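Visitor: In the order they appear, the protein sequences are chains A and B. Taken in order, the first sequence gives residues -11 to 345; the numbers are from the numbering used here. Taken in order, the second sequence gives residues 26 to 311; the numbers are from the numbering used here.
Some hints could be false.
Computed Cβ-Cβ distance ranges for the label pairs, DEER-style [what the hints assert, rightly or not]:
| # | chain 1 | residue 1 | chain 2 | residue 2 | range |
| --- | --- | --- | --- | --- | --- |
| 1 | A | 116 | B | 134 | 41 to 51 angstroms |
| 2 | B | 109 | A | 2 | 35 to 45 angstroms |
| 3 | B | 134 | A | 53 | 49 to 59 angstroms |
A few chain B residues that don't get close to chain A, going by computed Cβ distances all over 12 angstroms [claimed, not checked]:
| # | residue |
| --- | --- |
| 4 | 35 |
| 5 | 42 |
| 6 | 54 |
| 7 | 93 |
In case anyone wonders, no lab produced these hints; they're calculated from the structure. This one's a predicted model, so the numbers in the text were calculated from it and none came from an experiment. Just so it is clear, CB atoms sit at the ideal spot from N, CA and C, and this is done for glycine as well.
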Amino acid sequence: MSQLELRSLVKRFGATAAVDEVSLSVPEGEFVCLLGPSGCGKTTLLRLVAGLEEPDSGSLLLDGTDITGLPAHRRGFGMVFQSLALFPHMTVAQNIAYALSIRGASKADQRRRVEELLRLVQLPDLAGRQLGQLSGGQRQRVAIARALAVDPRLFLLDEPMSALDAKLREALQLELRLLQRRLGVTTLLVTHDQLEAMTMADRIVVMDGGRVQQVGSPLEIYRRPASVFVADFIGASNLLEGRARGEGRIELPGGTITVPDAPASGAVTLCVRPESLRLVAADKGAENGGAAGDGLSGEVVFVRDVGQTVETHVDCAGQRVIAVAVPDSVSDGGAPFAQGAAVRVEVPAAGCRVFPA
Amino acid sequence: MSAARTPGARQHLPLLYPVGMLTVFFVVPFAIMLAVSFFQRVQGGFYEPVATLANYERFFSLFFANVLGFSLGLSALAAAICVGLGFPFTYFLTRLARRRQVAWLVFLLSVLSLSEVIVGFAWSTLLSRSAGVSNLLVALGLLGEAESWSPGFAALLLGMCYLAFPYTVLLLYPTLARLDRELVEAATTLGASPLRAFVTVVLGVARNAILSGLILAFVFTLGIYLLPQLLGRPEHWTLSVMITDQAVFQSNLPFGAAMAIFLMLVSLALIALTLLLGRGRDRSAA
Chain A
-11 MSQLELRSLV
-1 KRFGATAAVD
9 EVSLSVPEGE
19 FVCLLGPSGC
29 GKTTLLRLVA
39 GLEEPDSGSL
49 LLDGTDITGL
59 PAHRRGFGMV
69 FQSLALFPHM
79 TVAQNIAYAL
89 SIRGASKADQ
99 RRRVEELLRL
109 VQLPDLAGRQ
119 LGQLSGGQRQ
129 RVAIARALAV
139 DPRLFLLDEP
149 MSALDAKLRE
159 ALQLELRLLQ
169 RRLGVTTLLV
179 THDQLEAMTM
189 ADRIVVMDGG
199 RVQQVGSPLE
209 IYRRPASVFV
219 ADFIGASNLL
229 EGRARGEGRI
239 ELPGGTITVP
249 DAPASGAVTL
259 CVRPESLRLV
269 AADKGAENGG
279 AAGDGLSGEV
289 VFVRDVGQTV
299 ETHVDCAGQR
309 VIAVAVPDSV
319 SDGGAPFAQG
329 AAVRVEVPAA
339 GCRVFPA
Chain B
26 MSAARTPGAR
36 QHLPLLYPVG
46 MLTVFFVVPF
56 AIMLAVSFFQ
66 RVQGGFYEPV
76 ATLANYERFF
86 SLFFANVLGF
96 SLGLSALAAA
106 ICVGLGFPFT
116 YFLTRLARRR
126 QVAWLVFLLS
136 VLSLSEVIVG
146 FAWSTLLSRS
156 AGVSNLLVAL
166 GLLGEAESWS
176 PGFAALLLGM
186 CYLAFPYTVL
196 LLYPTLARLD
206 RELVEAATTL
216 GASPLRAFVT
226 VVLGVARNAI
236 LSGLILAFVF
246 TLGIYLLPQL
256 LGRPEHWTLS
266 VMITDQAVFQ
276 SNLPFGAAMA
286 IFLMLVSLAL
296 IALTLLLGRG
306 RDRSAA
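Excised from the complex, chain A in its bound form (with noise of 0.2 angstroms):
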């Protein structure tokens, strides 16, 4: 229930920067997931946090206070680990309360404290277990509850979803959640999953290269992504190359488009995500007349009808666009178009973002 601030911390190993100058804020209470491809720098980064690393330059505050020299058992914050670090020769019971018998708590507060714990992540009952009788998502609660123990000042978590099945990693994530709006702990969550990052979290960090690329909320990023990178690595987007011919008119394979905020002149990268895109018969969008000049013609080379949703690639002179809709609006008569229509794909300016290449 803290406000984090970390200013320009580096970590280098070797040659190699992990971390490289990165400076956020969190405030108290807040959900922050670190986004981004293996090897970004997100786990060295949390690390730094837990103090399990030092920073080789730069500073972490706490409240105001500096803990960058702060060894990690003196942090109190709680953290989950990827392999959850389970104590295996201990008990359930004992594995929450390590943190209490460390503090000296008596053993009547410890009981107290297990059991409120495992109700909280919803586990009564199981204090008495050995780990080996737990299934994967009851381990996780119990290293969820074991991080919770002494009330941290921040909650951090280590790709802690990533051994659990895809369903059991979505009721675990909104569980997750809730738990954490209920506590009001200001937490810190590593994912390479920009689903769960979406899911959890009130602002994401997208990571790159140990720098960090963006920093939002979860539809700020995907509906204004501050790169091709972030464009490309959270959810998906068609990224056509094309040149700018000012006045905000771009020229792409198959046809011309405006986007009012482009560039005046040079190659450029248009960003657009799938369900941006309206895909209508390429005879009607002559009809209307008024359509003609912002939007590609092309043909439908494969369609993926998976009856919530029909993806539509489309082949544009050569460059491929996938459009996606709900079945009712593939086309005006609600049937998806078959492959080797020829079609006109409608590009709104409102959902495009251009970058230059």
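Keeping the supplied structure of chain A fixed, place chain B upon it in accordance with the hints.
Guide: Relative to chain A, chain B alone:
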């Protein structure tokens, strides 16, 4: 039904080999020794098959009680030293780079190729006054004049630890090499100082390996019978030395057998006690 049974029986056929070998080379000799321990010695000859408890009765004397006590104490001390040094050694070994670990393990394994005789003579030379390490210390100015450190209790203990140490390390190695480093880190984030984390987590996880290491070093050093004669004085002779003496030099096979059986029973009882204590602590902690 017989058709179903035949392949099953044939499947178990390979088991006959180890069972046969064990019977011929372990069970039968052991049974002979057990029987001989109840036979009567023939002065100047071998023994005759007359059932008697005289061999065991003879053993219950103050002299042999002292020898037994000394043997068990010496082995227990050697086991404690081996594990006490071997555990931190192995812990730091597993934290080295892979290549260095292999170099150390190969070195330890090569020590195992040395026989008790070679190790005994090497140490008695190294600890002697005329050619030993004390001369080096004199040359370095750390010692006034060369001293003889062998034979003596410390020399004997050193030799025994030298023989048992590699086994202890090799036994501890797999457990400590598999130890997840995140366990120690987790303990640290939960408020344990590095020392506290080591004691509560590393020692806790490796408890069974430590117990096995203690038992292995104890039993192994209990059977050593040449070193006490090479590095110790007669008062340091262990029960194993006595057994060899009776069986080989006094040609009193029945008494030697009786002592061997007794030593085995006592060490089995001690091991059982150790395991019981280990498990008892486990249960009370749970």
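Visitor: Does each hint fit the structure? Answer for all of them.
Guide: Now the hints, each set against the structure:
1. A:116 to B:134: 41 to 51 angstroms: holds (43 angstroms)
2. B:109 to A:2: 35 to 45 angstroms: holds (37 angstroms)
3. B:134 to A:53: 49 to 59 angstroms: holds (53 angstroms)
4. 35: Non-interface label stands for residue 35 (chain B): nearest chain A Cβ at 37 angstroms, farther than 12 angstroms.
5. 42: holds (35 angstroms)
6. 54: holds (40 angstroms)
7. 93: holds (35 angstroms)
Violation of the numbered hints given earlier is absent; every hint is satisfied by the structure.
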